[in-house]
Amino acid sequence: MKHATEYLTFETPHRRDYVNITDRVEAFVRESGIQHGLVLVNPMHITAAVYVNDAESGLIQDFDDWLERLAPHEPVSAYRHNVGEDNADAHLKRQLMGHQVVLPITDGRLDLGPWEQVFYAEFDGRRRKRVVLKAIGD
Amino acid sequence: MKHATEYLTFETPHRRDYVNITDRVEAFVRESGIQHGLVLVNPMHITAAVYVNDAESGLIQDFDDWLERLAPHEPVSAYRHNVGEDNADAHLKRQLMGHQVVLPITDGRLDLGPWEQVFYAEFDGRRRKRVVLKAIGD
Amino acid sequence: MKHATEYLTFETPHRRDYVNITDRVEAFVRESGIQHGLVLVNPMHITAAVYVNDAESGLIQDFDDWLERLAPHEPVSAYRHNVGEDNADAHLKRQLMGHQVVLPITDGRLDLGPWEQVFYAEFDGRRRKRVVLKAIGD
Chain S
1 MKHATEYLTF ETPHRRDYVN ITDRVEAFVR ESGIQHGLVL VNPMHITAAV
51 YVNDAESGLI QDFDDWLERL APHEPVSAYR HNVGEDNADA HLKRQLMGHQ
101 VVLPITDGRL DLGPWEQVFY AEFDGRRRKR VVLKAIGD
Chain L
1001 MKHATEYLTF ETPHRRDYVN ITDRVEAFVR ESGIQHGLVL VNPMHITAAV
1051 YVNDAESGLI QDFDDWLERL APHEPVSAYR HNVGEDNADA HLKRQLMGHQ
1101 VVLPITDGRL DLGPWEQVFY AEFDGRRRKR VVLKAIGD
Chain V
2001 MKHATEYLTF ETPHRRDYVN ITDRVEAFVR ESGIQHGLVL VNPMHITAAV
2051 YVNDAESGLI QDFDDWLERL APHEPVSAYR HNVGEDNADA HLKRQLMGHQ
2101 VVLPITDGRL DLGPWEQVFY AEFDGRRRKR VVLKAIGD
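Residue numbers (my numbering), protein chains in the order written: chain S, 1 to 138; chain L, 1001 to 1138; chain V, 2001 to 2138.
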């Protein structure tokens, strides 16, 4: 069995940002030398998510509007968590987006469908965050 | 280490459909010969989800009503993605349902609880879609 | 390749409860002897979820309020599933929280970020439920 681990670092300019990390996951898989296996892409912070969806700017704005509607940032005081904090909504938004993904490795490559793109979604940015990549396989 | 890969194909008759694929995942696990491991069940399209829940027709209708309430199809023009498209809601609905699942293999069998059933949820059907099954283990 | 399996049992006192199981997952990983791999933490029941987020009591109350707003328990009769049942909302809530998690094992330890804590979220408690832990790796 082979395994590989890498940590990506992010410090996004805005409170909320959506960063396409597909190339970085693909490079990690290639360099791992794993031919068949699984790769976990997991944010190590609880106000961010990794998700798979479309790299289309209109849809990314739709996601952002929708997340803000279902888990609004304001009023900040509506959340019990927001005592000396203002990021309770970020904890909720990351659950809505599904937190993390596991992706297949086939014939040494990330085995994605035609439109699947891997995104890092930041909901409480302007600080240093990490994502762990962990691959195992043959 | 053993590994196995299979692609399931779907072309559902309606825009939204819920297809129980438990038998197909179980058959895949059995044929893989893996005794202990993990199996990823991942839709390769970004307007569909794989989820685990109850095979009860009332609940499936409840899910459908609820998804339509939280991420409505209409008005189509409310979404920026819908320029020459009408499936923005499908991208959102699939995130609500959690996108994908990873399931345990124990003693050569899919290790499910008494009511756990694996579903393919289609939110933009009437076209050809694929789900990848990827198992690794011993 | 190494593998390990364990079943945790819960019978929570309330309909909805949030139980921090980080210590139990960490102990399981240590005892598995696996140095590099993945661990799946999966509820075997479809009215519960396993999620990763903050162990802060205000936030847990925020989650509970928010889940009740997006997938309310009442009116019970609003759900088609609730014929001789009253737990349809629990099936929906568990999807919102993301159902399950897969976590990395690095150097023999659960590889979590500074605030990542693993929770068992019960949405239809006062009965016996199980969570399966399945680790594979080297």
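Treat the hints as calculated values from the structure; they're not laboratory data. No experiment lies behind these values; they were computed from the predicted model shown. Cβ coordinates follow ideal geometry from the N, Cα and C atoms, glycine included. Any given hint could turn out to be false.
Simulated DEER-style distance windows between Cβ atoms [said to hold, decoys possible]:
1) L:Pro1075 to V:Arg2126: 39 to 49 Å
2) S:Arg126 to L:Glu1031: 42 to 52 Å
3) V:Lys2002 to L:Ser1077: 23 to 33 Å
4) V:Lys2002 to L:Val1076: 29 to 39 Å
5) V:Val2083 to L:His1014: 21 to 31 Å
6) S:Ala27 to V:Arg2128: 44 to 54 Å
7) L:Glu1031 to S:Asp107: 45 to 55 Å
8) S:Gln35 to V:Arg2069: 40 to 50 Å
Among all the numbered hints in the text so far, which are the ones the structure does not match?
Result: hints 3, 4, 7 break, sorted rising.
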